[in-house]
Amino acid sequence: MNWDCCSKSTDNGSNPYAANIKQITIQNQNFRTVVWTGCYLQMTLMCIPEHEEIGLEFHADTDQFIRIEQGKAAVKMGKCKNRLDFQQNICEGDGVFIPAGTWHNIINIEKTPLKISSIYAPPNHLKGTVHRTKSEAEKEEY
Numbered sequence: 001m002n003w004d005c006c007s008k009s010t011d012n013g014s015n016p017y018a019a020n021i022k023q024i025t026i027q028n029q030n031f032r033t034v035v036w037t038g039c040y041l042q043m044t045l046m047c048i049p050e051h052e053e054i055g056l057e058f059h060a061d062t063d064q065f066i067r068i069e070q071g072k073a074a075v076k077m078g079k080c081k082n083r084l085d086f087q088q089n090i091c092e093g094d095g096v097f098i099p100a101g102t103w104h105n106i107i108n109i110e111k112t113p114l115k116i117s118s119i120y121a122p123p124n125h126l127k128g129t130v131h132r133t134k135s136e137a138e139k140e141e142y
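So the sequence shown is numbered by the numbering used here: it starts at 1 and just counts up by one.
Keep in mind that the hints were calculated from the coordinates and are not lab data.
Hints may contain errors.
What the hints assert, rightly or not - As a list, the in silico EDC-like pairs of lysine to aspartate or glutamate whose alpha-carbon atoms are at most 20 Å apart: (1) K72 x E52; (2) K81 x E141; (3) K72 x E110; (4) K22 x E50.
Unchecked claim - Pair by pair, the computed Cβ-Cβ distance ranges are: (5) Q87 x C39: 32 to 38 Å; (6) P16 x L56: 34 to 40 Å; (7) I109 x R83: 20 to 26 Å.
Yeah, the Cβ is synthetic: ideal placement off N, Cα and C, and Gly gets one too.
Kindly produce the complete structure, drawing on both the sequences and the hints.
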């Protein structure tokens, strides 16, 4: 996949970049904003509305790390779509490691937006991707 084909000003990769991740994550109002895309790694920021979720996902060849920057959530993971054996509540400062080939979902369990940062290795979204809403993201993925 050509990651440079959709370059937008929101994506600072693949140049050197430093930022206060918590601050830029809390400021993000989009469902998903890609902030940095390199050759082997990508960071996105997400804002999940109250009692909403990322949605059940599966990345065959991508490891993922999710960090809760603000709010509380439930994480569910498993090797089978219909059997998510791993379930745990997580809060601000907690991280979730998702191995490639694992079904997973993050569910906001609060009445306020859940703010998360996410790292993919290798990149999972086109460089510069911005999805204002979950429905916008779902339309693009299919």
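Verification of the supplied hints:
1. K72 x E52: Measuring from Cα to Cα gives roughly 12 Å; hence the hint holds.
2. K81 x E141: holds, 18 Å
3. K72 x E110: The hint holds at about 6 Å.
4. K22 x E50: Holds. K22 to E50 sits at ~19 Å (cutoff 20 Å).
5. Q87 x C39: 32 to 38 Å: Hint holds: Cβ distance 34 Å, inside 32 to 38 Å.
6. P16 x L56: 34 to 40 Å: holds, 35 Å
7. I109 x R83: 20 to 26 Å: holds, 21 Å
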